[in-house]
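There are 2 protein chains.
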Amino acid sequence: MKLLNKTIESIDGLDLKSMRLARERQDQLTKPKGSLGVLEELSIKLAGIQGKPLPEISRKIIIVMAGDHGVADEGVSAFPQEVTPQMVANFAAGGAGINVLARHAGAEVRIVDMGVACIIDIPGVIDKKIRPGTANMAVGPAMTRDQAVACIEAGIEVAEEAIADGADLLGTGDMGIANTTASSAILTVFSGAGLEHSVGRGTGIGADALDKKREVIRQAIKVNQPDKRDSLDVLAKVGGLEIGGLAGVILGAAANRVPVIIDGFISSAAALIAASLCPESRSYMIASHVSVEPGHKLMLDELALKPMLFMNMRLGEGTGAALASSLVEASCKVLAEMATFAEAGVAEKEEDKTEQGAGI
Amino acid sequence: MKLLNKTIESIDGLDLKSMRLARERQDQLTKPKGSLGVLEELSIKLAGIQGKPLPEISRKIIIVMAGDHGVADEGVSAFPQEVTPQMVANFAAGGAGINVLARHAGAEVRIVDMGVACIIDIPGVIDKKIRPGTANMAVGPAMTRDQAVACIEAGIEVAEEAIADGADLLGTGDMGIANTTASSAILTVFSGAGLEHSVGRGTGIGADALDKKREVIRQAIKVNQPDKRDSLDVLAKVGGLEIGGLAGVILGAAANRVPVIIDGFISSAAALIAASLCPESRSYMIASHVSVEPGHKLMLDELALKPMLFMNMRLGEGTGAALASSLVEASCKVLAEMATFAEAGVAEKEEDKTEQGAGI
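So the protein sequences, as listed, match chains S and U. Using our numbering, the letters of the first sequence map in sequence onto residues 955 to 1314. Using our numbering, the letters of the second sequence map in sequence onto residues 955 to 1314.
Source of the hints: derived by calculation from the structure; they are not laboratory data. Don't take every hint at face value.
No copy is singled out in the list; a pair is fine if it fits within one copy or between any two copies.
In silico lysine-lysine, DSS-like type, Cα no more than 25 Å apart, as pairs [claimed, not checked]: (1) Lys-971 / Lys-987; (2) Lys-1176 / Lys-1166; (3) Lys-1166 / Lys-987; (4) Lys-1303 / Lys-1166; (5) Lys-1166 / Lys-971; (6) Lys-1287 / Lys-956; (7) Lys-1251 / Lys-987; (8) Lys-1006 / Lys-1251; (9) Lys-1303 / Lys-1182; (10) Lys-1176 / Lys-956.
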């Protein structure tokens, strides 16, 4: 609890002076003001995060956390639980979607075993196993409160190691059969959304299994009565080990003034936990894509984050974060490398020259 | 007219066999079927375009075409016309938004003078000037029908040179003060959309200037009576030199089975011309982003293209195409580099193993 409290206490607001200087420079670059939209806003947010008028990204690390879910016993997923360790091995061998997209973006992938149900003995996989899978939340809490704290603190440690190794942009990613069930439960508890909106098909279940999944989540909430004002209670009762770990990664990034890209549905559930523990941590989050999973948009709305990519993706693993990492990097380059009106000898907009009004 | 006709005649449909093989491979990769969404669809489209089950992108070229517009005399833009050649110089010097974003994506930029109003004598700028700016469409046709053909054919030549130099992915980009006015006019003619939907603020005009811009377009259409069934008539009467050039780039790409990324509002106006001349050319187009310019979504709907990026951008120059080029490349890498279920020893979804039904 000590590391978690210390981390939350050290999360500070953005550096407004750096943001103002970045905005001033954006407005002098050879383009109509605001015409690069989100790229401009991102560069300004990064200036505020890094506390530098010219933010830079030099090392990107995507942290992919794996964990199993006892609720898989209820038949809520289209895939068997053995797929979790198999995919961890696939990540380590470089053959998964996240490996391809991270390589393409020039990002490193770190794989963390937060709680795969079986023993994982694969070189390169970081061992932070809190327990071998959660308990079945349909019959009782997924984990103890102490274990919820332990996963978050493990995530903070992983983030801080990555940052110590030079990472100045983190991304989140997940693997865990049945983890859309836990994520939907978290969303339902925090937002009060109806299960018809917060629960989707995950890896691709049919209509009957979807009904069953909703019923299981209804049951889990009824049995456990998670308290939405107590984030650790929510995580412990209906969360997941990798979800807690990713919440820790987000808090660890924020405490160290490092931006963190939120991937899809599971990562956004982790972001809801992080934001609930420390609202200011939202300032360090960057949304990537909006998932096919219908609850994802609701999560992003809860977090007041806007996605950049509409790619109909629903794989997780950090694949959306990897794609978005290149856009984040681009935003820094726009700010640093574009010529100003004065440098390029380009005429400005008439009203901007005369500094008239707040304008459009 | 000979080159244009020959080009249109040589535009063929996609290679369905390569698409089927690409789809089959996508379905064997270690992810739930369809879970990489647009990345999967793109890779399959590229297979059909290139006629190869494993499409590859090795050289990306963004073609930025510049031209002036006589209608700028009506005060429809927030910037003076002198900005067109100034920005061409900025492109050549590497200081503009497109230069930064193309460098980031590993793409080359080719700059083409299709009809800047003044003499451009800048090393590295391809001279295809058809005339020094269009005539003011509010009082008569922007150009002659022969000139409309000449710009398209010049665009075909530029595309074919880029392809001869090894480009296997083209992107479009534009520069031209007042060219959102011409593009809105083209959209209005083709779609029949009301001016309140098809005309926006361009580089950032105020409310009064927006009213004026709509009135100018209404006037241009009334005076010229462009015939929507005759694409060359539309281009000649209310189009632009860079817009015709970009239509040629698109047709040239399609005739050579090279995918072409459509940038924003102006590039999409060019795509409307290309699609109207040859509907099959749509199969070779890839949408990038959706612009702040309100008519852009209408254009993409007309073209039946779906954008990937929602970045609130409205700069043009090919900036959206540059960002999207990295996503297109990623789609090929996913198809080529991800491990299959068999290779990785990952269990498949139960129903897929038994090949049951059409599923979900």
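Going down the list of hints, with the structure as the test:
1. Lys-971 / Lys-987: For Lys-971 and Lys-987, only the intra-copy Cα distance (20 Å) is at most 25 Å; the inter-copy one is 47 Å.
2. Lys-1176 / Lys-1166: within (15 Å within a copy, 61 Å between copies)
3. Lys-1166 / Lys-987: between (51 Å within a copy, 22 Å between copies)
4. Lys-1303 / Lys-1166: So Lys-1303 and Lys-1166 pass the 25 Å test across copies only (18 Å; inside, 59 Å).
5. Lys-1166 / Lys-971: neither (52 Å within a copy, 39 Å between copies)
6. Lys-1287 / Lys-956: For Lys-1287 and Lys-956, neither the intra-copy (38 Å) nor the inter-copy (44 Å) Cα distance is at most 25 Å.
7. Lys-1251 / Lys-987: between (29 Å within a copy, 22 Å between copies)
8. Lys-1006 / Lys-1251: neither (31 Å within a copy, 36 Å between copies)
9. Lys-1303 / Lys-1182: The answer is neither: 50 Å in one copy and 34 Å across copies each exceed 25 Å.
10. Lys-1176 / Lys-956: neither (31 Å within a copy, 74 Å between copies)
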